[in-house]
Amino acid sequence: MHKQQLESRQRFDVRMLFFYAAAPVLLGLLAMHVLQLQWLEHEKLALQADHNRLNIVPVLPVRGEIVDRHGKGLAVNRIAYQVQLIPERVKDLDVTLTMLAEMLQWSPRKLDHIHKRIKRSRPDRPILLDDKLLWQQVSPIAARLHHLPGVDVEAGSYRQYPYANLTSHLIGYLSLASKSDTDAGFLANEFIGRTGVEKSYEDLLHGSLGYQQEEVDAHGRRIAVTKRTPPAMGERLRLALDAEVQQAAAAALGDRTGAVVVMDIHSGEVITLLSQPGYDTNRFITGLESEQWQAWLDNIENPLLNRATQAAYPPASTFKVITGLAGLKAGAHLATGHTTCPGYLELADRKMRCWKRTGHGKVSMYDALIRSCDVYFYKLGDQLGMETISDAALAWGLGEKTGIDLSPESRGVIPAQRPYMMAAMKSESSKRKKWFRGETMIASIGQGALTATPLQIARMVAAVANGGRVLKPQLLAGVEAEILHHVEVDPKHLKSIQKAMRGVVEKPFGTAHRALANADWTVAGKTGTAQVIKMSQDDEKKGYSPDQVLRRHQDHAWFMGYAPYENPKVAIAVFVEHGGHGGSDAAPVAAAVIKALAAQEEKQQVAGL
Amino acid sequence: MIRVLRGMDWILLAAIISLAVLGLVTLYAAVHQGDAGLWQKQFTFWGIGFIAFLILCFVPLRLLGLISWPFYALALLLLVLVPLVGDVQMGARRWLNLGIVNLQPSELMKWALMLILASWFATREANSLRDIAVALMLAVVPAALIVNQPDLGTTLVLLFAATSLLIAAGLPWRWFGIAVIAAIGSLPALWHFMHDYQKQRVLTLLDPQSDPLGAGYHVIQSTIAIGSGGLTGKGFLQGTQGRLHFLPEQHTDFIFAVLAEEGGFIAVMLLLLLYTILITRMLMISNRAHSRFASLICIGVASIFMLYITVNIGMVSGMFPVVGLPLPFISYGGSAMVTMLAALGLVMRVSIESKDRIPWQRPGSPLA
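Those protein sequence lines, which keep their order, are chains A and B.
Residue 409 in my numbering is what sits at position 409 of the first sequence, and the numbering runs on without skipping anything.
Residue 148 in my numbering is what sits at position 148 of the second sequence, and the numbering runs on without skipping anything.
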């Protein structure tokens, strides 16, 4: 028994050794495992810990504002508020949404839509409920945020165009980044310029992204901002445009479609670039409804077209200035001589009419320009030939893109640029058609094959006023003038044309006398009335009202000019689509523009004093 | 009183108090951003637990031997009541509402089983089939009740405590070997009876990345917390994983991750060192205990502590599946704190009673 008991104790002591060993062994194993994590895998896991808690969040730059030459906002940024909600933090979703719906006056349809959106979204991420809100709208929510867990009010900025309709073609609009933009590195919630200045100067206006390193907790709540690279704000652009002059031009045009361009003849600065009708660019920012877009596309007045730069029209009698200059340069005997206008010109078996059926009698170039005699220029054109006229047109900047920072731009048509026309002219065989003498004569009064944009016409008249410098139209204020080419022109020739243009306004029988003789500045100019020759038989089929069809068959009215005559500053081109007559319909618009320009100048002088 | 003071194992007491300090500091780091009231509560639990510890220092072991059977019977009765009238919390029926306190009978059962097995093997060795069968019955019946609650952690504690005491009581090694083989053989059956969430935990352990936001989230986040702490830690209150709430249950089962993140490997080593001292000291008391019963009590308590520590740290650091066992003296929790300190009171009582006496069955002892 005694021995057995001793054995039992011995056995127990052996087992005790096992227990003694167990603690250090087991804890040692744990220690080794922890050491592996804390030493060998430390770097990897520390990185993961940072990855857990640190979010790199891009900070959107504020887009540069666009202002007119006097600092008036054309494209500005407004503060707006948005309401977000994180579903999993909301106690009672129905109650919360009902409260919000009441405060933000949501329609039942919108509330329903939001319910659906929440259902299919991740419950741990913020969902945008409503945006573009004013402070008055969100302040009741902001005051009650602690009763509304999961709801958040955030401030942001959005683009606004104070003169949306007036400057729609010039300023353009923005829209959210598309697939190709995000491929180029933009974020999906960034706005990108799509047309106009917003597109052309995107690089300057956009600014660059900033980044913010945020510490977040496990619920994704931002605890602190740990690092910040501020975004670079986009540049503020000051345009050469004068919003008041543009507004005056728009008012003068009224509900007629057309374009008005005003250019500084020395610097090329574009003071007005109007195309009517415009469209509301503000609607793009809130996300344009496709019905609205379709309505604009279908509108027969085509509001999306920039008539000042994208559409070319027959320049009509305004082109006689070019034909005249070409005649003087070529030394054609008619250029310094006279002819008689009986009201028509017979060419083979055709009768080419002057606009004045009774004729102008004996006319020189001076008279022919003032009274806009067609027969004189038929004859002059016939003497010169199409090539000479084309060369002059090209020299004065027609038939080429002006290089304005607005795209796309039309370059118009000058026959010399069209190989088939030239081939036809040189009597070489052409499959397309034969060039008739009559066509040259029609072209020399700016009809037929010739077309030009209102901007080209403005630039051309600016060159006439400034001694032959064809400038690049500048959208930005205060940039240096860029002379694209210098027209070789005898100052004497130019002077005689300028005198005739002054006569158009000054002489009682001048075509623009009635509209502009009493303008605030002395004006020299030329009217034009482009015949709408092509009567589209389809018009009635397109479903236009008889009234609209009638209007579409009216002539286009032109006026181009510069002022003041003695010391020219600005060149003006007015184009009224289906407007009627240049003298009675386009020239008054120029008068309104000059009035506005004079008023602005006076205001500047008063301010200067 | 003087006897109590003379017999007190001061090193064991010092280890307990050091763990108390380390535990409260760590808990503060875990809760200071959230419910700081928990820290004060834990402090109160320490007070209550320490009183229990002191009371048990005065309870004669003979008395414990006498009450071990009724105590076990009571615990078993309560355990049977749980499925009938118990409260459900977090998907498991574990609690009995006794009006004033919510009692967890499975917590009582751990210590009742330990006492009754110590008492059973106090007078016999584990070498007869009958004796071992009785001991196994005593362990398996409550274990079966508890695993159904479900509470895998406590079941594990019961089985582990019983195994430890069987080994200490002289279970022949080959029988132990047979039992281990049988246990491994029964794993597929066990898998079959496991709840889905328990299966998920095992699967998650095998590949935590398979479900990084679901079941694997706990382990991934605690592993990141431990690893990012590095050798020297991020500094007190500087742990980002805990502070920003990436760590789940950071004041209870996963508090080790807070300690490891903020204190680094240095703090981990300190903790493990204190635990080693605690357990070794208990085993040393067991070695010089005056009776076999007393020895076995110490071994039982030491094994339960060992299991808690190993399973908890292993779970938090991603070695074991997630099994809800607290880290002794560090995790927040009242009942665990009080019962663990009470258990240490038992060990301390052994130390007190054995002072100046010859260990059992050693040459020169009265029994020898």
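Mixed in with the good hints, there may be bad ones.
Stated by the list, open to error - Listed next, the stretches of chain A that the computed footprint assigns to chain B, with coverage defined by at least 3 CB atoms under 8 Å from CB atoms of chain B: (1) 4-18; (2) 22-31; (3) 575-586.
Claimed, not checked - Example chain B residues on the side facing chain A (calculated, C-beta under 8 Å, incomplete): (4) Gly170; (5) Ile226; (6) Leu244; (7) Met269; (8) Leu270; (9) Thr280; (10) Met306; (11) Phe320.
Just so you know, the hints here were simulated from the structure itself, not pulled from any lab data.
In this text, a Cβ means the ideal position worked out from N, Cα and C, and glycines have one as well.
Do the hints match the structure? See the list:
1. 4-18: holds (count 10)
2. 22-31: holds (count 7)
3. 575-586: Per the Cβ count (0), the hint is violated.
4. Gly170: 5 Å, holds
5. Ile226: Constraint on B:Ile226 satisfied, holds at 5 Å.
6. Leu244: 4 Å, holds
7. Met269: 7 Å, holds
8. Leu270: 11 Å, violated
9. Thr280: Holds - the Cβ of B:Thr280 comes within 8 Å of chain A, reaching about 6 Å at its closest.
10. Met306: 6 Å, holds
11. Phe320: 10 Å, violated
The structure fails hints 3, 8, 11 (numbered hints given earlier, in ascending order).
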